[in-house]
Structure formats: structure tokens, C-alpha cells
Amino acid sequence: MTDATAPSPRGTEELEGTVFDIGYQRYVGPREGRNRARWAVYKDGLRLALGLGRGARAKVIPWFFITLLGVIGLIMALIAGAVNTYIGPNAAEALDLPSHSDYYGIASIVFFVFAAVGAPEMLCPDRKDGVINLYLVRPLTGSDYVSARWLAFFTVMVSVAWLPQLILLAGLSLSNANPGDYLLENWLDIPRLLTAGLAMAAYTTSLAMFVASFTTRRAYASVFLVGLFVITAPFTTGLAAELAEDFENTAGQWVSMFNLSNIPVHVNDLIFDDVSLITSVAPAGEFSGWVLVGWYFLWTLVPAGLLWMRYRKLTP
Amino acid sequence: MSSVYLLTLRQLSGRWRLLVMSVLALMPVVLTESLVLFPSSVSVEEFELIVLNTMLAGSISPLVVLAIATVAFGNEVEDRTLANLTLAPIPRWQIVIPKLFATISVAMPFIAISALVTTHVAFNADATATLAVTVSIVAGLAMYASVFVFLGLATNQAIGVGLLYIVLWEGFFTTYVSGVRVFSIRAYSLALMHGLDERRFADTDNLGFGVAIGVSAVVFVGFVLLTIRRLRRMDVP
Amino acid sequence: MTALLTAENLTKHYDDVIALDGVSFEISEGITGVLGENGAGKSTAFKIFLGLLRPTSGTATILGENASESVAVRSRLGYMPEHDCLPSTVSAAEFLTHLAEVSGLPPTRARIRAADTLRHTGLFEERYRAMGGYSTGMKQRVKLAQALVHDPTIVFLDEPTAGLDPVGREEMLALVRKTHREFGISVLFSSHLMVDVERTCDRIIVLRGGRLVQSGEMEEFTKDTETVFIEVDDNRDRLVVALEERGVLVTSDGHGLCIEGSDESVYDKIRAALVESEAPLRRMAPRKGELTELFRLDGEADPENGKAT
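Protein chains in written order, with the working numbering: chain A, 3 to 318; chain B, 569 to 805; chain C, 34 to 342.
Isolated chain A, as found in the complex (with noise of 0.2 Å):
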């Protein structure tokens, strides 16, 4: 058997440095098991997510999107600051224009196809390239695994709902003469938006994650999620603007229902306790709350549940 001479933790830095030392050395540091495997997972989904340490061209796309979307609270914030400026102290307020509760439903649309975009990439190639046989062996479970990476997904889509957001309050509190007076009027914004944000977010990582994991290819999980957010938005429209005519709107309100992109927006609106542009034309906005959110929360616990009984299956 080989000698384990033990290097003292201290001692690596100088065994790294010894050139003629090329012995084998028995590793006698510490083994964290689990929690460092759970973690480790979670921090390569994030760089994945956003394209770090590969080649220039991952992080085109990801990169793109963020600053589509800042830049979309960019403009707001600006158009509001330029009508506080030229017109008058308030009148932002006064002419009512988009703000914090439209931002979600303005954006939403390139929300989704970042999500399309990206979550696929979280699980599709490990299945793909066979690395998920190399992560089960460890000391990882299929549910740790999905659990880990689902979580590295969620922390990126809610900083990209709320970075925007919160350039959008800079924008509109420096605006105003007296940035201080502007946050304590409106202090119920800050977490509304970002409860809001939490919502988008929980909501598209679910449903994308749950897609994408029925496929080794990235491209199909991408185009048939496209497909779902942007067709079911004039499908259900037309449908449901065509029953609402005929059986005194139950039947559309439940047709809009199926407006997937429209789910989160419903919930934002209730938050905010305004109205956005996209769902103010849909019927489903006249159901109650609690069947809104009711319905929101099936339509994110329910993929999420069923991504994670697919993943758990994998290890015993």
C-alpha cells in the first residue's frame, strides 16, 4: 500500500509549488459530502445560466436579454424623468404611466424567451453528454441534483426581474425634487415589486425547467416553450374574445385562463393591486383573486413537482 503522508493543510500550498514531488499523495482533507455537492451544483447552474467561465459567444445571448430588459426599465424611468422635467414636478404620477405594477407585463414576453432560452441549458446537456451519471455517483441524489439547479435557475430569473425594477425606482426617485419624500410615499412598491419578481421568476423557472427536462436537445425544449408563451397569447385572445360573446363569459374567462403568459401577470396585478397593459384586455382578470393565484400556483407546483419526481426516480 502506499505511505499516506498526511500534508498538514498548511502544507499544500508549498506541495504545489514542488516541482520533483510528482509521488502520489492520498487526499486527507476534509470531505463535506452533500451539502458542498448541493452546492457546487447550484453554483455551476448560475455560471451556466449566464454563460461564465466559457467562451465569449455563451454569454452573448444571456447578456442580451439582461440588458433588453434593463434597458426597457432604463426607458421608463427616463420617459418619467423627462415629464417630471419638462412638464412638471408629479405629472408622471399625474398622467399615470407605466410603472413599477406594468413593468412585468411590458417585459414579459422577452422574460419568457429568456427563460426558454435558458433553462433548457440547465439540464438538457448533462443528460445529453451522459455528466449525469458522473453527478449520481457522487454524493448527490437525483432530487439534490434537480433541486440544486432548479434553485441556480430561480436565482437568476428573480435577479433579472428585480435589477430592472430597481433601476426603474432609482430612476423615478431621483426624478423627483426630493428623492427621500418620493421613497417614503411610495415604500409600498419596494416589496411589492419584489414580491412580484418572485412570482414571474418562480412561475417560468418551473414551467421551463419541467419542458426542458423531457428532452436531450436544447433546441426543441426552446422552440416548443416559444411556442407555448407566444401562440397561446392570440389563441386564447381570439377564443376567448369569440366565447365571451356567447355564454356570458364564463367560458372565455376560462379560455383566457390558458394564457400562459398572462398567469404570472394576473398575480402582479393583484399585487400591485392595479391593472397591466397585456391583462387588461383578457376576461380572465374579472375571476377573483384567490382563483387567480389558485391557478398560478398550480401552474408552478404542479411542473415543478413533476420535474422533481422525474429526477428523483434517478437514484434510489
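These are calculated hints, taken from the structure and not from any lab test.
Check each hint, because a few of them may be wrong.
Claimed, not checked - Derived DSS-like pairs: lysine-lysine, alpha-carbon spacing no greater than 30 Å straight-line:
(1) A:Lys-61 with A:Lys-45
(2) C:Lys-211 with C:Lys-172
(3) A:Lys-130 with C:Lys-172
(4) A:Lys-315 with A:Lys-130
(5) C:Lys-172 with A:Lys-61
(6) C:Lys-172 with A:Lys-45
(7) A:Lys-315 with A:Lys-45
(8) A:Lys-45 with A:Lys-130
Since the structure of chain A is already known, use the hints to place chains B and C on it.
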């Protein structure tokens, strides 16, 4: 050439993929059928906007084509088997052309039947209208195919770029910034439709019929040439 | 020596197919070859011990833990899969660092271990390049390195020589030997090539159609199966009778005859038999037992003796 065509055809027609495409293609049919079934106040303009413009020309056709076209070369680039094909003793254009036609042949039945049934139902079996819509949607499909096959070869982020193009360019900008229509496959397709049957999109600011035919041909042929050029010059992995 | 892993009546069914059928064995330190044709149940057995599959019945114990239940034990196991498992856009150094962390090593330690392991498996400057551009030989080295990066107690190598050219195979087998002799890591090594197993392993297990056919120390195998090969021009049948009269085990092998046994007395008996049967001898040669023979000894192994300790 025919062997590359058949090979690609087999690559592109997986069970799941065909199912997903059928679902996408069925949506405008179901919507139109229900519009006709119930006494409706939906105007022809609204129908054109929602079903023909937004759904068929603007999202379903490009999405179906994107899913197929980027795979035509994408799988081989990803799996590093493109070399097997490029080492075969055939000129590069004889690889590109069959792959493009395989893409079109897989996508076309879905889109063409969808467009055909939709308009047949919507316009009370008016032959001119049905033909005009079907032909122009298929022409749009061919252009999308040409562009996306190039994209699949040019970048390994083809899906991301393609989706951005469909959602932002064809979906968002073309709708709200009218000048962009000069560079939009969706707009070419609608202009062809208007040219073949002038009742369609009568009130919209369309490109001329001649111009539409011209640019459509230029886009289709141009991207085919670009793809061939790209395949000649790239380092095959 | 205590057993590192134990299979007790291990059975695995996939729908109708029986991949493993009541297999029992024990494995202790060293290099163990798991020999069998494709579909013999090698990969299935590996995957059960690694916790990737749950056995239909029976238990798999590894390092004292139930392989189907303990997650923690897997930080001491390494696995080199048969098929591709490397992402093409990442460098080997980065990939190994990440996997070392997944095995539970803190990040700084993980980085050092990754660099060391790649050096020991013979990857140098290439380790900073994306793995998509690696040759098959380099990929196999990375696959081995990722199985060793967290310094496991046992490593499972599933067909490590598959797809390699003769030189690459030599190098891989040398690495396998080094893994045990220098690194002190016990190896379980599956192959369908007898030569690989023969030259590398301390003991072997032979699986066939999901059943354990043979198991034991390498030396015993080669000794037991040592034979003498004779070819005669005529009177072959009389020779067989003469040999059998003398209590020698004879099997027919093409034109010739194989006579089992390695001690000197067998040659005396052969000489006597040749004289008696008046068979003109054309050729006689001692043949060193090769594992090829194991495949002919179909299912004679007694499950009770199925211990490879």
C-alpha cells in the same frame, strides 16, 4: 444528393417533434373552426391580424421551421459528425440543397395543411383566398428555412438567436415600427398574399407584389448561397 | 482481509430481461477484473454498487454500507462510465475541479486535486483546452481522472480500453495497474477482452448471461487451466481411449486434443498412451492456460464457491 436528402429527412422526423409540430399547426385550425362555429362578431380584419398575421405567418411557421432547420446541420455540428458528410466526394452545394429541401419537406405539410384548412373554413371555401394564403405562407416558410439552415451552421447558439429574431424582430418590431417591414419575412409573406388576392390585408400598408416576389427570391437564394459559402469556408469540427 | 464490497444474491430484472440472476461474491483490496461478453451484466452490477440502480432483490454492500441507501458512501467511490460523459465546451481542469467539489472537496483543495490527478493520468498542457478537441485516448484519461479526483477507496472502470488503439490500450492498462499499486485505490475493472483482464488483474469474476460463472485468484486460474496440446496423424480415437484409461481428462480441440493438468505425471501418461495406441505424434506443446478457456467452461461454477477473496 438523394441520399443526403433521405438521411436528413430521417434525422428530422422524430416522433415527439412531429407531435409538437402537429399541436402547433392545429392551433389556428381550432381557433378558426370555433370562430366560424359560433355566430361571431369577429371582423375579417381581426381574423387576418390574429390568425393569418400573428399566428401563421409570424409565429407558428417560423417556430416550426426553426425547430427543424437548426437541427439540419445543428445536430451534426454538435455531435461532430459533420466531417463524415463533408469528406464525402460531393460538392458542398449538393449537401446544402438537399438538407434545405428536407427541412422544407418536413415542415411544409404541417404548415400548408394548417393554412389550407384554416382559410378554407374561414372564407367559405373561396378558392382564390385559400390558394393565396397557402401559397404565401409556404413561400414564407421557404424563406425562414433558408435563413435558419444558415443560422444552424453559422452559430451554435442558433436557437437563441432564432428565437430572438422571431419574437423581437418579426413579432415586436415589425408590428410596431412600420419601417422595419422592408426587412421582414412576415411582411414579404403578407405582401405576397395581398398580391395574389387583393382582398387580404387590403387596408394595410403593403409592399408591392413585384417587390415582394423579388425580395422573397433574393432572401431565399441569398441565404442558400451564404450557407454554401459558410460550409466551404468553415473549419469542420 | 475484510471485503470492500459484497453481493448477496443480487438480482436485477428490466421488465422481461434478467440482467443479473442471483449473483453473490465478495471483493477485497486489489484489482478485480469483471469479465463477460456484452450484456453479461457487468454494467448492471457496477451501477447497483454505485447506487444508480436498485436491485430487484438481494443486497449490495459497499464499504460496509448498503449501496442502495447510503448517499454518503459515494464520496469514497469513483466511476468511469463506458460511454461518453464529457462536455465539449469545458476544459479538463475546470471540469475536474467541479466534479471534485461535487464529491465533497472544498474548492481550493478541489483545484489542487484536479491538477494533480490530471498530471498523474498523463494530461499536461492540454488540460486547459476545451475537451471537445481531445482525442479518444485523452478523453479516456480524463474519464479515468474524474473517477480518481476525489481519491476514492474503490474505483469502478467500465470498459476503460474500449475504442483505444493498441498503444492507447497499453497505456490505459498501465494506468489501471498504477491506480492500485501507486495510488492505493482498489479497482473493479470490467472488460470483454480476456487479455486485458489477464494482464492487469489480481483476481477475476466471470459473468455470463447475468450469472456468476467463475471467480477466484488470477494465478489459480492460469494454473488450473494449463493444458497440453497434442496433434496426431492417425489412431486418434485409440489414443483417446488409452488416455482415458489412465484417468486423464481429454477434450477435443479441432484436429488436436487438449489434455488437462500441469504436473509432470501427465507427460508420463501421455507417453505411455501414445506408445500403446501407436498414434504417430505430429505435434505436442504445453499451452499456458488462457482465460479463453473460461468461456468454454460453461456455468460449472458452484455458487457456494463464488468467492473471490
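Going down the list of hints, with the structure as the test:
no.	hint	verdict
1	A:Lys-61 with A:Lys-45	16 Å, holds
2	C:Lys-211 with C:Lys-172	18 Å, holds
3	A:Lys-130 with C:Lys-172	16 Å, holds
4	A:Lys-315 with A:Lys-130	18 Å, holds
5	C:Lys-172 with A:Lys-61	26 Å, holds
6	C:Lys-172 with A:Lys-45	25 Å, holds
7	A:Lys-315 with A:Lys-45	23 Å, holds
8	A:Lys-45 with A:Lys-130	20 Å, holds
Checked against the numbered hints given earlier, this structure breaks none of them.
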